[in-house]
Each structure stands twice: as structure tokens, then as C-alpha cells.
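Colleague: Sequence:
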Amino acid sequence: MAVFSRYSKVVEADGQPMRVRTALELINQVLDETIAGTDADFDADTRWATTWFEDCGMNEGDFGRAEQLSKSRNTSVEGLAKAGIIGQRPGKVWLVARDDLPADWDPAADTRMTVWEITQHLIRRLEDDGEQAAAALLRQVGSGLGETAKELAYRLYLICDRKGWAKEATSYNGLVTAWPELTRLAALEPSAPADASGGATLFEE
Numbered sequence: 001m002a003v004f005s006r007y008s009k010v011v012e013a014d015g016q017p018m019r020v021r022t023a024l025e026l027i028n029q030v031l032d033e034t035i036a037g038t039d040a041d042f043d044a045d046t047r048w049a050t051t052w053f054e055d056c057g058m059n060e061g062d063f064g065r066a067e068q069l070s071k072s073r074n075t076s077v078e079g080l081a082k083a084g085i086i087g088q089r090p091g092k093v094w095l096v097a098r099d100d101l102p103a104d105w106d107p108a109a110d111t112r113m114t115v116w117e118i119t120q121h122l123i124r125r126l127e128d129d130g131e132q133a134a135a136a137l138l139r140q141v142g143s144g145l146g147e148t149a150k151e152l153a154y155r156l157y158l159i160c161d162r163k164g165w166a167k168e169a170t171s172y173n174g175l176v177t178a179w180p181e182l183t184r185l186a187a188l189e190p191s192a193p194a195d196a197s198g199g200a201t202l203f204e205e
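All residue numbers for the sequence shown refer to this note's numbering, where the first residue is 1 and numbers rise by one.
Please note that the accuracy of each hint is not assured.
If you anchor each label on the Cβ, the simulated ranges turn out as follows [claimed, not checked]:
(1) Ala-136 - Phe-63: 34 to 42 Å
(2) Glu-131 - Arg-89: 19 to 27 Å
(3) Pro-17 - Glu-78: 52 to 60 Å
(4) Arg-19 - Pro-102: 33 to 41 Å
(5) Asn-59 - Gln-16: 21 to 29 Å
(6) Lys-9 - Gly-91: 54 to 62 Å
(7) Phe-63 - Ala-103: 24 to 32 Å
(8) Cys-56 - Lys-9: 23 to 31 Å
(9) Asp-104 - Thr-177: 51 to 59 Å
(10) Ala-133 - Thr-170: 12 to 20 Å
(11) Pro-180 - Glu-60: 32 to 40 Å
Below, computed lysine-lysine pairings styled on BS3-like, alpha-carbon distance capped at 27 Å [as the list claims (entries may be wrong)]:
(12) Lys-92 - Lys-71
(13) Lys-82 - Lys-92
(14) Lys-71 - Lys-163
(15) Lys-9 - Lys-92
No lab work stands behind these hints: they were computed from the structure. Since the model is a prediction, treat every value here as computed from it, not as a measurement. Glycine residues also receive a C-beta, built at the ideal position from the N, C-alpha and C atoms.
My request is simple: use the sequences and hints to build the entire structure.
Modeller: As C-alpha cells, then:
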């Protein structure tokens with residue numbers, strides 16, 4: 001936006017004056033494309049969940065669509081259910097709501113841990129119990145997976161903001177905003193990560 005204050009006129013490719021709204025739309029488009037490029041850092045289950053969330057939010061969707069998407073993301077509906085991130089009934093699939101995830105979740109005991117659930121549990125701890133509790137969980141999952149969870153939170157925030165999902169946008173933005181303090185608190189009491197790489201193993205099918 002500094003360009004608009006620095007110059008008397010900003011024009012589009014055809015020479016017409018560019019509106020601030022148009023500039024913001026272009027910025028968001030490029031930002032979306034850049035953030036989407038980070039999907040390669042996510043495990044298969046998380047890539048599925050991100051696309052499903054963008055399409056359906058927290059609503060139910062058709063099982064056929066879920067299965068088709070799972071194949072393109074190199075996972076399976078059965079695997080997603082085992083990971084605990086979806087619920088299903090005949091013909092329908094949905095993402096498990098954050099508040100319905102296990103309150104006593106232990107990342108060290110999770111044999112199919114995903115960045116999606118790490119992100120959701122961090123937000124839940126932060127909103128329900130505060131920064132100290134969220135930092136303790138961050139310490140458990142390790143900084144590597146933690147940073148990837150922050151990237152996912154920002155990606156999901158952009159999706160929510162674009163679609164007008166204010167409540168969810170606030171939750172994801174809250175985690176991103178609190179991140180510097182969470183990492184500071186997590187570093188105060190070092191503990192062994194789940195494996196030598198700084199986080200638990202992510203399983204894909």
C-alpha cells in the first residue's frame with residue numbers, strides 16, 4: 001500500500017487507474033498462491049483436510065467426493081478416520097470439530113499424528129487454557145512440526161477470511177498472533193522431542 005501513498009497514480013496493465021481494492025485482490029491472490037505452495041510440507045491427511053475444509057468447511061460432504069479426494073492426496077477415508085480427523089455415516093463425511101477432539105490427546109502416543117490435529121489441539125489449548133498450556137503442547141510436538149502447524153494455521157486463516165468465516169478466522173489468526181510468545185515459553189523448559197527429527201513421525205498411506 002506504500003506504493004499508493006508514494007506515487008500520484010498507480011495504473012493497471014491497460015493504463016487505467018488501479019483502485020486500492022483491485023490492488024488488495026491481486027496481493028491476496030499472489031499470497032494465496034505462495035501459501036498454497038507450502039502444502040508440500042504437510043502430510044497427506046493434512047493436505048486432504050485442508051482441501052476439504054476449503055470446499056465444505058465443517059459441514060458434511062458426500063462420501064464419494066471424500067474418497068476421490070483421498071486418492072488424489074495419497075491417503076484413504078479409512079486412514080483419515082483412524083487419524084481421528086473425520087467423522088462419517090453412510091454416504092457422508094465431515095471434519096471432526098475442534099471441541100470434539102480428545103481433550104487428553106497425547107502426541108507421544110499418537111501413531112498417526114497429523115499437522116491438522118496438531119494445529120487444532122494447539123488452538124484448543126490456547127483458547128481454553130491459555131498460552132502456558134499451548135506452549136507445553138508445542139514443547140511436546142517439537143519445534144519442527146510446530147512451525148508447520150503455524151504455517152497451516154495461516155493458510156486456514158486465509159481461507160476463512162476469503163470465505164467470510166469470521167469465527168474460525170479468529171481462532172486461526174489467534175494462534176499465529178500468539179506464536180512468538182508460545183515459542184518463547186516452549187523454549188523455557190526443554191524436553192526431548194518425539195523423535196530425533198524434532199517431531200513425531202507422520203504416516204501416509
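Colleague: Confirm or reject each hint.
Modeller: Comparing the hints with the structure gives:
The supplied range of 34 to 42 Å is met by Ala-136 and Phe-63, whose beta-carbon atoms lie about 37 Å from each other. For the pair Glu-131 and Arg-89, the supplied restraint of 19 to 27 Å is violated, since their beta-carbon distance comes to about 37 Å. Between Pro-17 and Glu-78 the CB atoms are about 55 Å apart, so this pair conforms to the stated range of 52 to 60 Å. Hint check: Arg-19 to Pro-102, Cβ distance near 48 Å, so the stated range 33 to 41 Å is violated.
Between Asn-59 and Gln-16 the beta carbons are some 40 Å apart, a value that contradicts the proposed interval 21 to 29 Å. The given range of 54 to 62 Å is respected by Lys-9 and Gly-91, whose C-beta atoms sit roughly 56 Å from each other. Separation of Phe-63 from Ala-103 is about 28 Å and conforms to the stated range, judged on CB atoms against 24 to 32 Å. Evaluation of the 23 to 31 Å hint for Cys-56 and Lys-9 yields a failure: the beta carbon distance comes to about 43 Å.
Checked against the given bound of 51 to 59 Å, the beta carbons of Asp-104 and Thr-177, roughly 27 Å apart, lie outside it. A hinted range of 12 to 20 Å for the beta carbons of Ala-133 and Thr-170 is consistent with their spacing of about 19 Å. Between Pro-180 and Glu-60 the C-beta distance comes to about 37 Å, which sits within the given range of 32 to 40 Å. Restraint check: the Cα-Cα separation between Lys-92 and Lys-71 comes to about 17 Å, which is no more than 27 Å; the hinted pair holds.
Distance restraint check for Lys-82 and Lys-92: the Cα-Cα separation of roughly 16 Å lies within the 27 Å cut-off, and the hinted pair is therefore satisfied. Between the alpha carbons of Lys-71 and Lys-163 the distance comes to roughly 26 Å, so the proposed pair stays at or under 27 Å and holds. Among the hinted pairs, Lys-9 with Lys-92 is inconsistent with the structure: their alpha-carbon atoms are about 52 Å apart, more than 27 Å.
Violated hints, in rising order: 2, 4, 5, 8, 9, 15; the structure is consistent with all others.
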